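Trainee: First to last, the protein sequences are chains A and B.
FYI, UniProt numbering numbers position 126 of the first sequence as 126, with every residue one higher than the one before it.
FYI, UniProt numbering numbers position 158 of the second sequence as 158, with every residue one higher than the one before it.
These aren't lab readings, by the way, just hints derived from the structure by calculation.
This one's a predicted model, so the numbers in the text were calculated from it and none came from an experiment.
By construction, the Cβ of each residue, glycine as well, lies at the ideal position given by its N, Cα and C atoms.
Hints are not guaranteed to be accurate.
Claimed, not checked - With a cut-off of at most 25 Å between alpha-carbon atoms, the simulated PhoX-like pairs for lysine-lysine come out as follows: (1) A:381 - B:144; (2) A:191 - A:9; (3) A:198 - B:74; (4) B:200 - A:184; (5) B:144 - A:184; (6) A:191 - A:70; (7) B:74 - A:379; (8) B:9 - A:191; (9) B:234 - B:265; (10) A:381 - B:180; (11) A:198 - B:48; (12) A:191 - B:48; (13) A:370 - B:144; (14) B:48 - B:265; (15) B:294 - B:227; (16) A:32 - A:191; (17) A:184 - B:48; (18) A:427 - A:370.
Said to hold, decoys possible - Distance windows between CB atoms, simulated: (19) A:67 - B:227: 50 to 58 Å; (20) B:201 - A:19: 58 to 66 Å; (21) A:427 - B:136: 26 to 34 Å; (22) B:70 - A:312: 19 to 27 Å; (23) A:36 - B:69: 40 to 48 Å.
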Amino acid sequence: MGVKLLLEKAHVEGIRSYEVYRREGGYRAVEKALKTMSPDAVTEEVKKSGLRGRGGAGFPSGMKWSFLAKPEGVPRHLVCNADESEPGTFKDRYLMEFLPHLLIEGLIVSSFALGSNATYIYIRGEYAWIPDILEQAIAEAKANGWLGKNILGSGFDCEIYVQRGAGAYICGEETALIESLEGKRGNPRIKPPFPAVKGVWDRPTVVNNVETLAAVVPIINMGGEEYAKIGVGRSTGTKLISACGNINKPGVYEIDMTISVEEFIYSDEYCGGIKNGKRLKACIPGGSSVPILPANLLLKTAKGETRYMNYESLSDGGFATGSMMGSGGFIVLDEDQCVVKNTYTLARFYRHESCGQCSPCREGTGWMEKILKNIDMGKGKMSDIDLLWDIQRKIEGNTICPLGDAAAWPVAAAIRHFRDEFEWHVKNPQECLTRNYGLAHYADPLVIPA
Amino acid sequence: MSEEKKLFKVTIDNITVDVEPGTTILNAARMIGGEVTPPAMCYYSKLKNSGGKCRTCLVEVAAGSTADPRPMPKLVASCRTTVMDGMIVKNITSERVLDARAGVVEFLLLNHPLDCPICDQAGECHLQDLSYEHGKEGTRYEFKRRTFKKHDLGEYIQLHMTRCILCYRCVFTADQLTNKRVHGVLDRGDHAEIATYIEKSLDNDFIGNVIDVCPVGALTDKTFRFKNRVWFTKPVDAHRDCSKCCGEVQLWMRGDEVFRVTARKDEWGEVKDSTKGGPGWICNECRFEKKDAKDWTIDGPTQVNRHSVISQGHYVNVVKPKETLPDVMGGRGPKLLMNIHTVSEVNRPEIELSKIQGPAHSDDFKNSLDNGK
Chain A
1 MGVKLLLEKA HVEGIRSYEV YRREGGYRAV EKALKTMSPD AVTEEVKKSG LRGRGGAGFP
61 SGMKWSFLAK PEGVPRHLVC NADESEPGTF KDRYLMEFLP HLLIEGLIVS SFALGSNATY
121 IYIRGEYAWI PDILEQAIAE AKANGWLGKN ILGSGFDCEI YVQRGAGAYI CGEETALIES
181 LEGKRGNPRI KPPFPAVKGV WDRPTVVNNV ETLAAVVPII NMGGEEYAKI GVGRSTGTKL
241 ISACGNINKP GVYEIDMTIS VEEFIYSDEY CGGIKNGKRL KACIPGGSSV PILPANLLLK
301 TAKGETRYMN YESLSDGGFA TGSMMGSGGF IVLDEDQCVV KNTYTLARFY RHESCGQCSP
361 CREGTGWMEK ILKNIDMGKG KMSDIDLLWD IQRKIEGNTI CPLGDAAAWP VAAAIRHFRD
421 EFEWHVKNPQ ECLTRNYGLA HYADPLVIPA
Chain B
1 MSEEKKLFKV TIDNITVDVE PGTTILNAAR MIGGEVTPPA MCYYSKLKNS GGKCRTCLVE
61 VAAGSTADPR PMPKLVASCR TTVMDGMIVK NITSERVLDA RAGVVEFLLL NHPLDCPICD
121 QAGECHLQDL SYEHGKEGTR YEFKRRTFKK HDLGEYIQLH MTRCILCYRC VFTADQLTNK
181 RVHGVLDRGD HAEIATYIEK SLDNDFIGNV IDVCPVGALT DKTFRFKNRV WFTKPVDAHR
241 DCSKCCGEVQ LWMRGDEVFR VTARKDEWGE VKDSTKGGPG WICNECRFEK KDAKDWTIDG
301 PTQVNRHSVI SQGHYVNVVK PKETLPDVMG GRGPKLLMNI HTVSEVNRPE IELSKIQGPA
361 HSDDFKNSLD NGK
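With the hints as constraints, model all of the structure from the sequences given.
Mentor: Structure below.
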């Protein structure tokens with residue numbers, strides 16, 4: 001049994017309401033922080049905890065907080081990024097829907113640490129029912145004195161506002177989120193200046209993921225050093241993984257980052273194995289934009305070591321033979337899935353969601369989608385595969401925001417690991433419409449090529 | 001003397017230049033000029049917040065500064081990256097940059113119709129220049145290109161989105177020169193388009209400047225469309241007293257006829273600063289209404305030192321050789337090789353041409369002469 005910090009109380013009846021949440025020990029972190037700690041001490045605890053951003057990039061949160069510029073007389077803001085739109089990721093939705101007070105509590109503590117008197121939750125438009133849950137929770141917290149003026153007599157004022165987005169993946173990028181929050185078109189800003197210096201309304205701003213902010217609560221409750229003892233190496237604490245695809249038990253799981261990928265997929269505590277007794281073909285371990293891994297490289301690294309569910313182990317081998325922890329959207333593909341079609345679907349998503357601001361991403365994502373569609377429909381040419389490789393290479397790293405990279409990586413990884421499947425599609429234009437390529441040499445029980 | 005400002009040393013393609021702190025890499029490169037300057041499609045020095053979007057000006061930073069000489073991992077947009085003291089930048093000396101730039105040109109041309117033969121911008125189009133200089137001869141794109149219908153944005157301006165590269169310059173122009181912007185970017189990704197919300201017309205005194213800032217033929221002057229090719233017209237500097245703007249313009253003339261009026265532009269294709277200070281944006285009246293040479297005081301021919309075809313028809317800056325012909329020919333003057341009047345049968349003044357039936361032929365001369373004898 002792994003340690004549970006965030007979802008510990010998730011199954012308590014009525015935990016969504018304030019009374020039950022408070023009875024179960026909620027808002028202790030706010031009491032502890034506001035009554036006994038200084039804002040800098042809270043930041044210090046987060047630094048000690050080694051908490052890394054749960055939104056995808058994995059940047060140390062304490063360090064991000066310490067970058068926040070604090071000029072005299074300029075208000076600062078904390079923005080909670082609830083624009084969770086990465087295909088395969090739904091951990092924040094779960095957290096907000098079932099434990100809204102955990103997020104609110106984390107927000108109050110974090111706002112106190114950062115000196116944010118007006119804190120925003122930017123939530124994606126598709127989560128149409130969740131803003132009501134959050135606003136209900138905010139109202140309850142306010143009625144009980146956890147929000148508003150002079151909270152717990154500490155002299156700290158804080159209000160939390162929920163802002164709905166209109167449904168755009170790009171608004172999950174922090175500067176695009178800020179633009180959208182300001183009421184503008186959600187185009188990413190050109191950095192520098194970074195939000196820590198000029199964010200919402202040109203004021204210093206910290207943008208953090210829902211799970212990151214929720215994780216502040218256990219950090220304050222148990223202390224940063226205790227929190228850092230959970231997990232392994234620089235992957236401290238617990239991480240929510242939203243598992244989906246061809247598995248027996250899809251859902252959101254909290255892991256302490258010490259379990260192996262194999263255990264996560266096959267143990268009954270987590271995914272419960274591949275559905276219908278099929279075999280594992282591939283997996284996208286961290287949300288749609290991270291590189292896909294074939295089964296042999298997923299369960300073991302290229303060096304033959306066991307791969308674990310944590311930041312370091314998943315990215316072992318770089319992009320050549322590894323992947324990324326990302327946002328924790330764990331998508332499992334069984335032997336019946338077609339990697340070409342999967343890649344085409346992802347390319348279609350990124351084409352649709354590109355903001356169109358910078359040329360490589362605007363034009364390149366559309367081009368890749370069209371080529372992948374041709375290959376998928378059996379109209380591709382052998383040269384298209386190399387062309388795809390060249391296009392993704394010219395998008396990656398040359399764009400304003402990481403969406404370009406996110407669009408390039410899945411295509412690159414699919415070609416890198418499943419080139420024979422692409423070639424099979426080109427060589428068998430009729431057959432590829434009726435059946436899938438199958439498992440080939442990268443299936444799970446096979447030995448890894450040296 | 002006030003206290004001396006500390007200048008930053010920046011090396012671009014092995015050429016070192018001293019610039020003021022806060023200068024962007026692109027502007028530092030423009031000080032050096034020539035091939036070292038990265039091309040820029042969306043950056044416009046007179047428009048705040050422009051740049052960073054087209055990615056043609058990507059450069060490699062080989063060393064961040066003297067204090068922190070680590071290279072930057074990614075290529076950076078030179079128009080939005082400020083220099084640091086001791087920064088070493090690689091533009092045309094970097095394979096990575098040239099490769100990425102060729103990629104960007106390919107992306108920009110992907111959905112561009114390449115209808116230069118019927119495009120009014122041809123000859124002064126930045127995309128045309130860019131693709132000649134950095135593009136490849138063919139395209140690898142095999143799909144249908146994105147097309148849009150043409151839109152009239154009011155009386156004077158036509159929008160042809162098909163040619164647009166979404167540089168956002170016209171959006172910034174409307175934001176910064178007019179009191180209310182009525183056009184912008186709708187939609188996103190490769191289906192994004194410049195548009196007014198529900199077909200409004202653009203009617204502001206300064207909105208005509210969007211034509212000048214447009215790097216391609218997406219926004220064109222309806223009073224000039226299809227009237228002439230720009231390289232047949234000759235630009236002259238002229239001015240008039242205008243109550244709205246600086247009144248300093250460039251007239252594009254053919255003979256005595258004024259075909260179009262634009263703001264004066266510098267070598268980077270950007271609007272020059274006016275003599276009264278500030279960028280020389282011009283008003284719609286000067287641009288669209290004053291199409292008569294009488295309206296203007298002509299200052300003289302414009303010096304075009306852009307490498308575009310417009311400079312081809314110009315005789316400004318032509319260097320007159322110092323040596324005379326006798327100097328070159330060792331003292332001899334020019335000499336006729338033969339006197340054609342004495343040789344040709346056709347050029348005989350004694351023959352009455354009107355007497356000859358049909359087209360004249362040397363036989364006619366022979367015959368008439370013979371008959372005459």
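Trainee: Taking the hints in turn, state whether each one holds.
Mentor: Consistency of the hints with the structure:
Annotation: proposed proximity of residue 381 of chain A to residue 144 of chain B holds, straight-line Cα distance about 17 Å (limit 25 Å). The suggested pairing of residue 191 of chain A with residue 9 of chain A is violated, with an alpha-carbon distance near 40 Å, which exceeds 25 Å. Using a Cα cut-off of 25 Å, the hinted pair residue 198 of chain A and residue 74 of chain B holds, with the two alpha carbons roughly 22 Å apart. With a C-alpha separation of about 20 Å, the suggested pairing of residue 200 of chain B with residue 184 of chain A holds against the 25 Å cut-off.
Straight-line distance between C-alpha atoms of residue 144 of chain B and residue 184 of chain A comes to about 32 Å, which puts the hinted pair past the 25 Å bound. Of the pairs offered as hints, the one joining residue 191 of chain A and residue 70 of chain A holds, with about 19 Å between alpha carbons and a cut-off of 25 Å not exceeded. At roughly 35 Å between alpha-carbon atoms, residue 74 of chain B and residue 379 of chain A are farther apart than 25 Å, so this suggested pair is violated. Our distance criterion of 25 Å between C-alpha atoms is met by residue 9 of chain B and residue 191 of chain A, whose separation comes to about 23 Å.
Of the supplied pair hints, the one linking residue 234 of chain B and residue 265 of chain B holds, its CA atoms being roughly 14 Å apart against a limit of 25 Å. For the suggested pair residue 381 of chain A and residue 180 of chain B, the alpha carbons sit about 50 Å apart, so the restraint of at most 25 Å is broken. Among the hinted pairs, residue 198 of chain A with residue 48 of chain B is consistent with the structure: their alpha-carbon atoms are about 16 Å apart, no more than 25 Å. Between residue 191 of chain A and residue 48 of chain B the alpha-carbon distance is near 15 Å, which keeps this suggested pair within the 25 Å criterion.
Taking the CA atoms of residue 370 of chain A and residue 144 of chain B, the gap is about 10 Å. The hint holds against a cut of 25 Å. Restraint check for residue 48 of chain B and residue 265 of chain B: the C-alpha separation of about 18 Å stays at or below 25 Å, so the hint holds. Using a Cα cut-off of 25 Å, the hinted pair residue 294 of chain B and residue 227 of chain B holds, with the two alpha carbons roughly 20 Å apart. Between residue 32 of chain A and residue 191 of chain A the alpha-carbon distance is near 36 Å, which puts this suggested pair outside the 25 Å criterion.
A hinted pair counts as satisfied when its Cα atoms are at most 25 Å apart, and residue 184 of chain A with residue 48 of chain B qualifies at roughly 17 Å. A hinted pair counts as satisfied when its Cα atoms are at most 25 Å apart, and residue 427 of chain A with residue 370 of chain A qualifies at roughly 18 Å. In this structure the hint that residue 67 of chain A and residue 227 of chain B lie 50 to 58 Å apart at CB holds, the actual value being about 57 Å. For the pair residue 201 of chain B and residue 19 of chain A, the supplied restraint of 58 to 66 Å holds, since their beta-carbon distance comes to about 59 Å.
At about 28 Å, the CB distance of residue 427 of chain A to residue 136 of chain B agrees with the hint of 26 to 34 Å. Taken as a hint, the range 19 to 27 Å holds for the pair residue 70 of chain B and residue 312 of chain A, whose Cβ atoms sit roughly 23 Å apart. Hint check: residue 36 of chain A to residue 69 of chain B, Cβ distance near 45 Å, so the stated range 40 to 48 Å holds.
In this structure, the hints that do not hold are numbers 2, 5, 7, 10, 16, in rising order.
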